[in-house]
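Using the sequences provided together with the hints, build the complete structure.
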Amino acid sequence: MDRLAKGEIDLMPDVAYTADREKIYSFHKVPVLSSWSQVYARKGGGIKSILDLGGKRIAVLESSVQQEAFVRLADGFGLHTTIVSAPDFRTTFEMVARDEADAAIANNFFGLMNAKKFGLEDTAVVFFPSTLFFAAPKRASKGLLLTIDSHLLDLKKDPQSVYYGSLKRWTSEEVRFKFPAWLQILGLVVGVVLLMSLAASFVLKHQVNARTLELRQINQEMEHRIVERTAELAAAMEKAQSADRIKSAFLATMSHELRTPLNSIIGFTGIMLQGLAGSLNEEQHKQMAMVQSSARHLLTLISDVLDISKIEAGQLALSVTSFALRPSVEKMVNLISPLAEKKGLELKLDIADDVKTVTTDQRRLEQVILNLLNNAIKFTEKGQVRISCRTEDDHCLLSVADTGIGMHPKEIDHIFQPFHQIDSGLTRKYEGTGLGLSISKKLLEMMKGTIHVESQWGQGSIFTIRFPKNTGGLP
Amino acid sequence: MKETLLIIEDNEQNLYLMCFLLEKSGFAVLSATNGRDGIKMALHHKPRAILLDIQLPEMDGYAVAAELKKHGELAGVPIIAVTSYAMMGDREKALAAGANGYIEKPIDPETFVGEVEKYL
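Same order as they appear, the protein sequences are chains A and B.
To convert, note that position 180 of the first sequence is 179 in numbering that gives the first Met the number 0; the numbers rise steadily by one, no gaps.
To convert, note that position 111 of the second sequence is 110 in numbering that gives the first Met the number 0; the numbers rise steadily by one, no gaps.
DSS-like cross-link-like pairs, simulated, lysine-lysine; straight-line CA separation at most 25 Å:
| no. | chain 1 | residue 1 | chain 2 | residue 2 |
| --- | --- | --- | --- | --- |
| 1 | B | K23 | A | K285 |
| 2 | B | K117 | A | K330 |
| 3 | A | K440 | A | K355 |
| 4 | B | K92 | A | K309 |
| 5 | A | K330 | A | K347 |
| 6 | A | K377 | A | K409 |
| 7 | A | K309 | A | K246 |
| 8 | A | K381 | A | K347 |
| 9 | B | K68 | B | K39 |
Distance windows between CB atoms, simulated:
| no. | chain 1 | residue 1 | chain 2 | residue 2 | range |
| --- | --- | --- | --- | --- | --- |
| 10 | B | L42 | A | K447 | 44 to 52 Å |
| 11 | A | Q286 | B | E57 | 36 to 44 Å |
| 12 | A | S318 | B | E11 | 29 to 37 Å |
| 13 | B | E57 | A | M236 | 34 to 42 Å |
| 14 | A | P326 | B | A95 | 27 to 35 Å |
| 15 | A | Q314 | B | E57 | 21 to 29 Å |
I should point out that these hints are in silico values taken from the structure, not numbers from a laboratory.
In this text, a Cβ means the ideal position worked out from N, Cα and C, and glycines have one as well.
Listed below in structure tokens is the structure:
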């Protein structure tokens with residue numbers, strides 16, 4: 000300090016500021032460190048507070064500010080102590096370690112760094128807080144001190160600076176970084192967001208788990224229901240099939256029962272018309288003929304219902320024989336010709352020469368042909384019905400073309416469905432069961448054949464059947 | 000001498016119809032309304048032919064035909080099945096049971112007698 004005062008040293012660090020020193024030295028403005036003096040004693044030495052220092056030897060830096068301050072402090076407490084001078088802090092600690100003193104006074108930075116090495120510990124006796132500065136001789140230039148100030152200011156602003164680094168090294172104390180406000184807010188926000196998202200993810204995970212469980216339960220329930228429903232459906236199906244069989248059996252029986260009384264109606268009207276039971280007058284004959292016609296029509300209806308119910312019940316079997324197709328077709332045409340004649344329609348028959356023997360169900364084939372001829376005549380008011388028959392490879396083709404009312408395209412889709420009629424309602428012009436074509440189609444399918452129709456509204460229709468020459472199944 | 004025919008038929012109207020037509024044509028007609036009576040009458044009267052309805056109460060036409068065929072004394076008596084079934088199976092079953100032919104219902108008064116005479 001003297002050498003500094005004399006100007007032999009230009010700058011001295013860690014000089015505690017006092018008003019007296021201000022008179023001798025120059026100080027800069029920004030404090031380097033805040034410091035205080037503290038009493039250090041041997042570990043377990045029993046010195047805890049200032050009162051324990053009474054009658055003790057205290058090692059103090061020779062003629063230092065600490066000594067003056069301590070003496071004043073001790074006097075204030077009315078304590079008598081022996082002051083042992085030392086040239087530096089290290090010596091004060093060594094003296095305590097060698098038991099040449101009971102306690103040492105040092106600044107807290109030195110104590111913090113060295114107390115342990117000397118087996119000393121800090122006590123609660125803390126005094127003389129001071130701020131440390133660089134000190135320069137009074138006559139030195141102010142520029143140096145101003146530069147120190149500006150550097151210190153900069154260093155203190157930056158938590159990563161050498162200043163704090165050194166401080167940390169000396170004190171082993173974690174320096175609390177001073178984050179800029181925006182960074183703190185940002186950190187806080189990010190933290191909150193992270194926490195919230197963590198919480199949200201927990202909640203979400205929980206919800207997902209709950210939902211998954213729920214879905215699994217629903218799934219199981221659905222599976223259970225499907226199994227149940229399948230069983231129900233199978234039962235319903237079985238019931239429906241059984242109901243269907245009962246229906247078909249009922250229709251078959253019913254048809255049979257209806258035919259029995261029809262037998263006698265048709266039979267007796269026939270007898271009366273023949274005059275076998277005595278002659279009828281003209282009116283009686285006309286009316287009997289109407290009874291017979293209606294009875295025959297009723298018989299056809301019943302036969303159709305019987306046929307379709309047997310087909311649907313799978314009870315209809317083909318009776319396959321070999322026969323000549325030409326006379327068979329001719330027979331059907333002859334059968335229908337009185338009807339055509341009555342309506343003034345021309346019947347044209349064209350059978351190719353290669354049409355010979357076929358092996359199929361003659362009666363059912365004839366039924367189909369008759370049905371087509373009947374329809375053609377029923378729906379034609381003038382013109383002709385043309386029947387042509389030819390072979391194509393191992394199939395026979397027979398077509399019935401008329402010049403009748405024809406059909407709309409959308410009607411064609413339905414004509415092969417059972418009970419389809421050309422016009423429904425009470426004022427139906429054309430009588431029938433609506434079963435003829437449906438039966439024909441099914442019979443042809445049984446014969447491994449097909450039925451096809453081309454029609455134009457108002458122009459007429461062409462029905463073509465195609466069936467194998469040999470249906471197979473001939474015993 | 001008139002030829003005797005036996006009709007086994009349970010339906011009164013149909014029986015009457017057939018009797019009427021056949022008698023008009025000069026046949027003597029016997030009738031039974033069930034299979035057992037019919038067999039008894041057949042054995043007793045030995046008719047020229049037997050018209051047999053298939054749908055009969057208790058003992059059906061197939062059984063009656065089979066029973067009649069067991070009796071040697073009726074060997075030359077044709078059995079004509081009268082069936083109202085339009086099913087193929089029934090005709091074949093009737094023939095298999097011993098019937099010599101069949102006439103399908105509903106009978107046509109104009110052709111019925113002629114069809115019966117084919118089997119005589």
